[in-house]
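K.L.:
Chain by chain, the residues:
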Amino acid sequence: MAVSLPTAAGASPARSGAGTGPDMTLKRKRNKHRLKVLGFLSPWLIGFSVFFGYPLIATVYFSFMHYNQIEQPSFVGLRNWKYVLTQMPLFGPALWNTVWLVVVMVALRVVFGLGIGMLVTKIKTGVGLFRTAFYLPYLAPPVAATVAFVFLLNPSTGPVNQVLGWIGINGPTWFNDPHWAKPSLVLLSLWGVGDLMVIFMASLLDVPKEQYEAADLDGAGAVAKFRYVTWPTITPIVLFAVVTGVVQTMQYYTQALVAGKIASGVSIGPGSVIQPGYPDHSTLTVPQLVYQLGFQNFNTGAACVLSLVLFVIAMAVTLLLMRKNAGLIPAED
Amino acid sequence: MATTTLNPPRTAPAPGTANGAGTHRRKKFLHWVGVHALAIAAALFFVLPFVFVFLTSVMSDQQALTSELWPHSWHWSNYATVWNTPGFLGWWKNSLLYAVLGTVFTVVSSTPVAYALAKFRFKGRRVAMILVISTMMLPPQVIVIPMYLVWAQQFHLSGSLWPLIIPMAFGDAYSIFLLRQFLLTIPNEYIESAKVDGCGELRTLLRVVVPMAKPGIAAVALFQFFYCWNDYFGPQIYASQNPAAWTLSYGLESFKSAHSVNWNITMAATLLVMAPVIIVFFFAQKAFVEGVTLTGVKG
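Protein sequences appear in the order of chains A and B. When the count follows this note's numbering, it moves up by one through the first sequence with no breaks and lands on 333 for the last residue. When the count follows this note's numbering, it moves up by one through the second sequence with no breaks and lands on 299 for the last residue.
Just so you know, the hints here were simulated from the structure itself, not pulled from any lab data. Just so you know, even glycine gets a beta-carbon here, dropped at the ideal spot from N, CA and C. Please note that a few of the clues may not be correct.
Unchecked claim - Pairs of lysine to any residue residues, derived as SDA-like cross-links and limited to a Cα-Cα distance of at most 20 Å, are as follows: (1) Lys27(A) - Phe120(B); (2) Lys122(A) - Leu30(B); (3) Lys119(B) - Leu35(A); (4) Lys28(B) - Ala220(A); (5) Lys36(A) - Gly124(B); (6) Lys32(A) - Leu202(B); (7) Lys32(A) - Arg203(B); (8) Lys123(B) - Asn31(A); (9) Lys123(B) - Leu184(B); (10) Lys29(A) - Lys28(B).
Claimed, not checked - Among chain B residues calculated to face chain A with C-beta under 10 Å, some are: (11) His24; (12) Ala42; (13) Pro140; (14) Val208.
The whole structure should be built from the sequences, with the hints applied where relevant.
P.N.:
Here it is in structure tokens:
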């Protein structure tokens, strides 16, 4: 295994020498370089094997075991897989909710983030103030933001339905209605669109100004300018936002769980077990189901099967990201 | 930015005539009004939730039960009530411990890795980069069960935050990725001239690269701090059975259950959980925006 040398040291002329003095030094240099690389990478090499490699293998192992975390694990073949994929009643709703959120939440966040980003680039007065206002909600800790939104959208006394009432709209019951719970979560995610706003803003400012001027001379309208001047420049960023959004939304956990718990009004002390996904499993996501199976029902095998389903989907999306957005990884070597 | 061009619209009368200039100026003014009206509407959407939360947080217990929006009298003591809740101060300390140690560990362990991935040439670099990105994209739920079993059964550390903090001393994929993106922008000439001056790799990293990479490191540190501060899933897995180890993010939810009807107290607690990140943001706005930009642009 030859290790290519850093360009600075690669000036040595004795590349193809055989068994002579210069070759020995070259070998020593190579070994030194290899050690150096290993040394700098070592924190991650250890971390990757211990906190990623091992648990991944263990997850596969447990997916074929019956294990309640007290008795010794026993081999059950494909029984956990069959149970999760064909019999478990909550798998369908959880998968549906996750897919729904991935599609709707990501699409709306990208469109809204791009809209706000474009708006900011057009603001002339007080741009700093507006930018901060648009960005700040993104920083709110998810639990705090969710608690705040359950309050704001509280059907009986919440400010939102109050304000809607003034203009004659009878507001929905938001987090307490199975049909409105997911849209309420989408609203919460749009409030925190600041991250997308910033990356879109940066890429919109990269669009060459002369191209807009040229388009003006051609008498292009706003739509044509967006289609032919703005869009080609920002496409990679839009793609990046979509793919990272999909990956993030597949992990969607905290907001859905907290919203369901608090909106249900069930008093939850430590140790008490509640059915996640209130109301009517409408906010139950796949990660929540992993938690429920593994840490509340102690059905380790089924939880690991579900983890692996999530893993396969996440990897598929990641591969897509690496193929389409080649800029993420070194294109050379 | 199209509006900043000074070209007269095609349909307008020939430039120079008073009428044409006037139409143009009026068009520009209307455009200004339209953009800013839209901006104000958007700002209301982003800011009003904070306002409503704040107004409710200073209401009396009785008024918080009603749908009124403006407080009759200002009860700042609600904040004292939250602050004096048994456990609240402990949650603060735990959050701070988790966030500070997690950030320091992550930055120290991830910087050399990012440096190697950005500046060393070696076989397997591309594979290493692909593995880093894969780890970054992985939902934490995928590996949590075996990890929990190890921490709980072999190390007896469940009921504490250490199973969350210790792994951060071994590099964090997201931080490595971001730092590498930043280090790529540092010209190799600086690194080579440091070596010509007789610096070893470690000295080069500490004396030359780290000072130049300060904005990137600051951004990564901020992200990690916020990640730890906001984390809910981790503390739920490892600390839920021991309220003494809870963080603010985890404790806040139990707060609502304890004060199930008192939205005013809950909203005061919510603002107290939001406050630190917002204060940090105002002090480090530049580094933060730079960091977010770093995630999306350029390779």
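K.L.:
Run every hint past the structure and note whether it holds.
P.N.:
Structure-based check of all given hints:
1. For the given pair, Lys27(A) sits about 18 Å from Phe120(B) by alpha-carbon distance, which is consistent with the 20 Å threshold.
2. Of the pairs offered as hints, the one joining Lys122(A) and Leu30(B) holds, with about 13 Å between alpha carbons and a cut-off of 20 Å not exceeded.
3. A distance of roughly 15 Å separates the Cα atoms of Lys119(B) and Leu35(A); the hinted pair therefore holds under the 20 Å criterion.
4. About 17 Å separates the Cα atoms of Lys28(B) and Ala220(A), which keeps this hinted pair within 20 Å; it holds.
5. Proximity of Lys36(A) to Gly124(B) is assessed by CA-CA distance (about 14 Å); at most 20 Å being required, the pair is judged to hold.
6. Under the criterion of a C-alpha separation no larger than 20 Å, the hint pairing Lys32(A) with Leu202(B) is consistent with the structure, at around 14 Å.
7. Restraint check: the Cα-Cα separation between Lys32(A) and Arg203(B) comes to about 16 Å, which is no more than 20 Å; the hinted pair holds.
8. About 13 Å separates the Cα atoms of Lys123(B) and Asn31(A), which keeps this hinted pair within 20 Å; it holds.
9. A C-alpha spacing of about 18 Å is found between Lys123(B) and Leu184(B), which places the hinted pair at or below 20 Å, so the restraint holds.
10. Between the alpha carbons of Lys29(A) and Lys28(B) the distance comes to roughly 66 Å, so the proposed pair goes past 20 Å and is violated.
11. Restraint check, His24(B) versus chain A: the minimum CB separation of about 13 Å is more than 10 Å; hint violated.
12. Among the interface hints, the one on Ala42(B) holds; its C-beta lies about 6 Å from the nearest C-beta in chain A, closer than the 10 Å criterion.
13. With 10 Å as the threshold, the beta carbon of Pro140(B) comes within range of chain A, its nearest partner Cβ sitting at about 7 Å, so the hint holds.
14. The beta carbon of Val208(B) comes no nearer than 14 Å to any beta carbon in chain A, farther than 10 Å, and the hint placing it at the interface is violated.
In this structure, the hints that do not hold are numbers 10, 11, 14, in rising order.
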